[in-house]
Amino acid sequence: MLGILIGKLVTWLLRLRGKDATSFPGKVALKVSPKLLHQFGKKIERVIVVTGTNGKTTTTSLLASMIQHDEPVITNHKGANLVQGIATAFLQHANWRGKLAAKTAVIEVDEATFPLIADAFPIVVTVVTNVFRDQLDRYGELDATVEKIFSAIRKTNSCLVLNADDPICRNLGLRASRKTFYYGMAHDTARHSERRQMRDGQFCMQCGQELFYDAFWYGQLGLYRCSHCDFTRPHPEFVGVYQGKTMTLSEDSLPDIQLSMPVQGLYNAYNVLAAASAARVVGLWAGPIHDGLADYIPPDGRMQSFATAAPVTLNLIKNPTGCDSVVQAVVTEPGGKIVVIGINDLAADGRDVSWLWDADFELLSEDDGISRFITSGFRAEDMALRLKYAGIDESKITIETDMNKAVDLAISYGVEEHLPVFVLSTYTLLHPTVHNLSAKARENESTNFEYRASVS
Amino acid sequence: MSQRTLNIAHLYPDLLNLYADRGNILTLVQRLRWRGIDVTVTEVTHRDTPRLSAYDLVLLGGGSDREQEIVGEYLYKFHEDFRQAIENGLPVLAICGGYQLLGAYYQLPNGQKVAGLDVLDLYTSAGTGLPRLIGNVAIDSPYGVIMGFENHGGRTIHHHDPLGKILQGHGNDGESGFEGVHYKNVWGTYIHGPLLPKNPGFADAVLATALEYAGQPATLEPLDDHVEQNARRAFLARRMPEVDIRLLEGDSNGVTAETP
Chain A
1 MLGILIGKLV TWLLRLRGKD ATSFPGKVAL KVSPKLLHQF GKKIERVIVV TGTNGKTTTT
61 SLLASMIQHD EPVITNHKGA NLVQGIATAF LQHANWRGKL AAKTAVIEVD EATFPLIADA
121 FPIVVTVVTN VFRDQLDRYG ELDATVEKIF SAIRKTNSCL VLNADDPICR NLGLRASRKT
181 FYYGMAHDTA RHSERRQMRD GQFCMQCGQE LFYDAFWYGQ LGLYRCSHCD FTRPHPEFVG
241 VYQGKTMTLS EDSLPDIQLS MPVQGLYNAY NVLAAASAAR VVGLWAGPIH DGLADYIPPD
301 GRMQSFATAA PVTLNLIKNP TGCDSVVQAV VTEPGGKIVV IGINDLAADG RDVSWLWDAD
361 FELLSEDDGI SRFITSGFRA EDMALRLKYA GIDESKITIE TDMNKAVDLA ISYGVEEHLP
421 VFVLSTYTLL HPTVHNLSAK ARENESTNFE YRASVS
Chain B
1 MSQRTLNIAH LYPDLLNLYA DRGNILTLVQ RLRWRGIDVT VTEVTHRDTP RLSAYDLVLL
61 GGGSDREQEI VGEYLYKFHE DFRQAIENGL PVLAICGGYQ LLGAYYQLPN GQKVAGLDVL
121 DLYTSAGTGL PRLIGNVAID SPYGVIMGFE NHGGRTIHHH DPLGKILQGH GNDGESGFEG
181 VHYKNVWGTY IHGPLLPKNP GFADAVLATA LEYAGQPATL EPLDDHVEQN ARRAFLARRM
241 PEVDIRLLEG DSNGVTAETP
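Chains A and B, in that order, are what the protein sequence lines are. Residue 1 is where the first sequence starts when you use the UniProt record's numbering, and the numbers rise one by one after that. Residue 1 is where the second sequence starts when you use the UniProt record's numbering, and the numbers rise one by one after that.
Keep in mind the hints are simulated off the structure, nothing from the lab. Be careful, since some hints might not be right.
Unchecked claim - DEER-style ranges, computed between Cβ atoms:
hint, chain 1, residue 1, chain 2, residue 2, range
1, A, Arg15, B, Asp48, 55 to 61 Å
2, B, Asp244, A, His431, 33 to 39 Å
3, A, Pro432, B, Gly36, 42 to 48 Å
4, A, Asp402, B, Asp140, 30 to 36 Å
Said to hold, decoys possible - Beyond 10 Å from chain A on every Cβ pair, some chain B residues (computed):
hint, residue
5, Arg4
6, Asp161
7, Gly215
Stated by the list, open to error - Here are some, though not all, of the chain B residues that point toward chain A, as calculated from beta-carbon distances under 10 Å:
hint, residue
8, Asp21
9, Asn24
10, Thr27
11, Gly148
12, Gly193
13, Pro194
14, Asp224
15, His226
16, Glu228
17, Ala231
18, Ala234
19, Phe235
20, Arg238
For every residue, glycine included, the Cβ atom is placed at its ideal position computed from N, Cα and C.
Make the full structure from the sequences, and use the hints.
Structural data, given as structure tokens:
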């Protein structure tokens, strides 16, 4: 109890100073009461845990947003997914006597933290989004991560919601031997080209023989089967057909649901599919799932779309790993497109832009649909050079160092060629670009309205 | 024209891959392919034995102190072969940690010495209480202006020729006004940002030297480098105001092994 009191006090003091801490109150409270999470665990009725390498924060926010239409939810929605962050989320929903304002919690948990909190809560559902290697050079990391998730699951009585398209998740499901629901993308939406960045899950985790892929989505996500044993991608209970702005969710004998995507990109489609599947498993019907998606506000620069004269999607890039997933999301968008890449090298961006050479811009050269590239920012010329060495035809590359002008140019090309625009930008260019695009989107809306009014 | 081919070895990419070495390799490979020259890149991991006689050019990248120590141990077993090969003209491009490894030792702030390959008369010390040398850098070299980014704690002292004279930035030790090393066909430098894409003249000089070492015609036909020249001019104009941009006027395409 003392921990809760002190934690509340710290939260309150921080709020007085206008600060919204996501971890610090929990950290202090845990110092005083190391069993704080167990105390909260006794007061809550059900906890849904989301873990995995990528998409934890988005999936958690989407699921919490859906459940919130039925009942209040405790969630660590800012991605503070270590023990302190989880404790802080509960403190914020507790009164001074430790009583919680909700019966359900949706918690994002870091893979390594999961075993530490697994026996503290009545976890009813565990969602594992995917297991990717974070960085190339961290050997052993992947197996250790899988073991951590597995050991945590064994401490719970939860059922599992797993990504069927990820062989590592599938293996986890087989080993955990408990009620498991799989979600996956529809069979015929996978691509048939072999991707060279597939680094993980190349071998069967049951018998060690090579895995064969009939098709891929991205990374090791695909239609896999073992060459030797019966390990294969299971038929998912929840099937997604991703159509860009919308996704159809099919579930066995139930009628299909059309979901409108609040965030674009194939990796976000997986997040939406994971959240909707988990929502189904905890008993939600289509209404709150729709409403939850409609309410969700993605953070700036995460496949953020703008209703400009040619539609623009904005992405933050800041390091090779994150940049690779953004580039992947752009090339997996069907159809033609125009790409703007803005690179600044101010202190907040990192003054060293060497990472541009570690990121997989080569993927862009494989997308024949990209008709033009515009590079911008203080390092526009360096980016153009990077694209040249990535194998992109120089005649497709335009340099416009002023980011606003670069975006304007891209939109005018987009209108002319009827193509959407994808903007990738480093940190210091992101917010000015959000501002610029928001203004343009408003302008576009009002002109459209006038136009419609004059003809009706 | 006779079919030319070049074998490049990237030593220990599993340990020394801290900074954009991929950019350097990509530049070498593309500039050969654009000229119709075949190229293979062999990644020599810490489990492999380097076969120095099979390579026409060796790349050593940068790593952390700990990784450098491991590489030092692996490679030291072959240091006599390595020295012999270098004396016989094996082209070696060593960046940052790889550059430090060419010397006798790297002395950590606590006084401990991490042994290097000892193939050059060179040593590095971290120096207590001294700041890291970080930032954009440009040097005047026999290959024209070489530019990029440096980020190193070590101060390197040697008695060979430098790679170039500092125009802006810190260089080997932050004091001498020189950057890098050039001995026989070995080039060592702290410029990693990454070194070769924005310095095509130097990249071609390295390639020409490697072709000559491989016993093949070393003349490289010029490439259209206007994207490179654009990036060079913009970098100097925006990030290296102390450097006279007119120094770039001499940039030319097509380099043979005879120059410098």
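Hints, one by one, checked against the model:
{"no.": "1", "hint": "Arg15(A) to Asp48(B): 55 to 61 Å", "result": "holds, 58 Å"}
{"no.": "2", "hint": "Asp244(B) to His431(A): 33 to 39 Å", "result": "holds, 36 Å"}
{"no.": "3", "hint": "Pro432(A) to Gly36(B): 42 to 48 Å", "result": "holds, 45 Å"}
{"no.": "4", "hint": "Asp402(A) to Asp140(B): 30 to 36 Å", "result": "holds, 32 Å"}
{"no.": "5", "hint": "Arg4", "result": "holds, 21 Å"}
{"no.": "6", "hint": "Asp161", "result": "holds, 26 Å"}
{"no.": "7", "hint": "Gly215", "result": "holds, 28 Å"}
{"no.": "8", "hint": "Asp21", "result": "holds, 8 Å"}
{"no.": "9", "hint": "Asn24", "result": "holds, 8 Å"}
{"no.": "10", "hint": "Thr27", "result": "holds, 6 Å"}
{"no.": "11", "hint": "Gly148", "result": "holds, 8 Å"}
{"no.": "12", "hint": "Gly193", "result": "holds, 5 Å"}
{"no.": "13", "hint": "Pro194", "result": "holds, 5 Å"}
{"no.": "14", "hint": "Asp224", "result": "holds, 8 Å"}
{"no.": "15", "hint": "His226", "result": "holds, 8 Å"}
{"no.": "16", "hint": "Glu228", "result": "holds, 6 Å"}
{"no.": "17", "hint": "Ala231", "result": "holds, 4 Å"}
{"no.": "18", "hint": "Ala234", "result": "holds, 4 Å"}
{"no.": "19", "hint": "Phe235", "result": "holds, 7 Å"}
{"no.": "20", "hint": "Arg238", "result": "holds, 6 Å"}
In summary, this structure violates none of the numbered hints.
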